[in-house]
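Q: Those protein sequence lines, which keep their order, are chains A and E. The opening position of the first sequence corresponds to residue 1 in our numbering, with each subsequent residue numbered one higher. The opening position of the second sequence corresponds to residue 1 in our numbering, with each subsequent residue numbered one higher.
None of these hints come from the bench; they were simulated from the model. It should be emphasised that the depicted structure is a prediction, and the values quoted were computed from it without experimental measurement. Please note: incorrect hints may appear among the correct ones.
To be verified - Here are the simulated BS3-like cross-link-like pairs (lysine-lysine), alpha carbons at most 27 Å apart as the crow flies:
(1) A:K176 x E:K60
(2) E:K139 x A:K173
(3) A:K151 x A:K134
(4) E:K139 x E:K121
(5) A:K173 x E:K121
(6) E:K60 x A:K151
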Amino acid sequence: MNWQLLPQFATTGLLAGGPIALMALGLVLIFKSSYIFNFAQGQLLLIGALITWWFSVELGLPLWVSIAIALILSALLGLVIERLALRPMTGQPLLSIILMTLGLSQVLQGSALLFFGGNQRNFPQIFPAGDPYKIITPFVYEGNPIVLILKQNLVWSFIVAILGVIVIGAFFKFTKAGLAMRATSEDHELAQSIGLRIHRIFGISWMLAAVVATIGGVLLATSSGLDMSLSIVVLAAFPAVLLGGLESIPGTIIGGLLIGLSVGLVSASTNQFIRNSGEIMPYVVLLLVLMIRPEGLFGQKRIERI
Amino acid sequence: MSQLTLNNIEVIYCDVIQVLRGVSLEVQPGTVVALLGSNGAGKTTTLRAISGLLVSQDGKITRGTIEYGGERIDRLPPDEVVQRGLIQILEGRRLFQHLTVEENLVVGSVARGRTSDATLKRDLAEVYRYFPRLEDMRKRVSGYLSGGEQQMLVIGRALMSNPRFILLDEPSLGLAPLLVAEIFRVIQQMRDQSGISILLVEQNANLALSVADYAYVMDNGRIVLDGSAERLVNNEDIKEFYLGLNQLGERKSYRDVKHYKRRKRWLG
Ligand SMILES: Nc1ncnc2c1ncn2[C@@H]1O[C@H](COP(=O)(O)OP(=O)(O)O)[C@@H](O)[C@H]1O
Ligand SMILES: [Mg+2]
């Protein structure tokens, strides 16, 4: 272990966990409302980023305007997906519906490729491209002070992502609409019986999930560029979601940070083999946690009464 | 004029299983009407047909009409039925288990659309007046309530939608006698103090007839008997099959009675 660099890698890892948490949130939103694991979440990420790119780079609109347009369009896309792809499947076995999202992911990926082409693009900078933040910690290792060097992009992406999760979490916790969504997520039929319009609620969930995906896509594209493989980044969020416990919003933050941290820690290793295992780390952590707590860290324990 | 009228309703599940075979009934405003019958007779299905909740079970009304307050409601989705003041309380005391007691109540008012905080407070106070025990447990996660408390909560939640008509499915099932008495006291209060009409499905016919004004008996998807509660209490068929007492006063379950015998009596 490279102890001198460990704090640096751990911190960058944690910061990278922010966007992972946001991606996890997109999955949780849909799972919470409809028990569907949405395999097309990565494509929503990609399309959100592509729309932003198209309006700002191709059409030359100001970046913030482009992001606003992308958020609106992705919200519509979410609604349309729910209405056209999922609602007709109501009552079908859950597995069919989940497979449907897998099919959807391929359709969306293919359409994106068709419309935008597959080349690598430069994505506009969202955050000021200043010098990295340099933090000199009071800690010393073998005579050298421990210094953290943090790219501005990374820090701001983290802040935006975590804020996003908190805002959505507060919406669920404190608003009547959020309450209706939590109720619907527990029991669809019961929700209908008290007069909730569950299809509208599913639509709103997909809308929120698509908006969250677009924010995540833009954050990732601005730090690492934009190409078709952006949709695969969401794989890192799968273990984060399971870790946090599929239905927990606070869980996505913990899950995201843990995954980011684990990847960071591995990079601090002096052993080349371990250092290269960063990509599988999320899944290793996942297996370990699930072996100990199968419902995830924050999963709802089923309340069973006799 | 009756508040609710079912006219020759037929219901089919999954396009093949016919469960209701022409059910007609009426409920007058401000009355409790009991819907009795053995397991599988089609009582719950009748309630679902009224509330629009057949959709979640792949069921359809294939014939007949349902009128509520003079308007047809048999094609309406459940949320619109609730908005008109008619709500079904599902059997089995179903709660949003991970929500607190008060959240369960508040979510019951969502269907009414925008309501002011003052209205919400007043309605909560009204529910807590019916069920003082719930107020002490406001912040409790509802999944951990006892059976009796859960039954109070589901009734309270329905009241939050400001209903004029409640379809109540087997509220006494599995509850201790003392709690059952409390629930039935509330049923009477809802009728007498709030003027709410109630269509009450009960296995315990004796109990149901003690609060009901009128009753229908169902068997095999049909109404086989109806009359005022006083009249049915003294009816031999009811006594034998639903109160579990035959002429000799022995306890007897309706399961023991041969099916053909039941049919013959009712048709004859
Ligand atoms: N969702 C469903 N799909 C198919 N058959 C059903 C469904 N629900 C109820 N049934 C059948 O309809 C009949 C009546 O059921 P139900 O209305 O629940 O009776 P009750 O409430 O009087 O016990 C039963 O034979 C039952 O098996
Ligand atoms: Mg029933």
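Q: Give a verdict on every hint.
A: Status of the hints after comparison with the structure:
no.	hint	result
1	A:K176 x E:K60	32 Å, violated
2	E:K139 x A:K173	14 Å, holds
3	A:K151 x A:K134	9 Å, holds
4	E:K139 x E:K121	15 Å, holds
5	A:K173 x E:K121	19 Å, holds
6	E:K60 x A:K151	61 Å, violated
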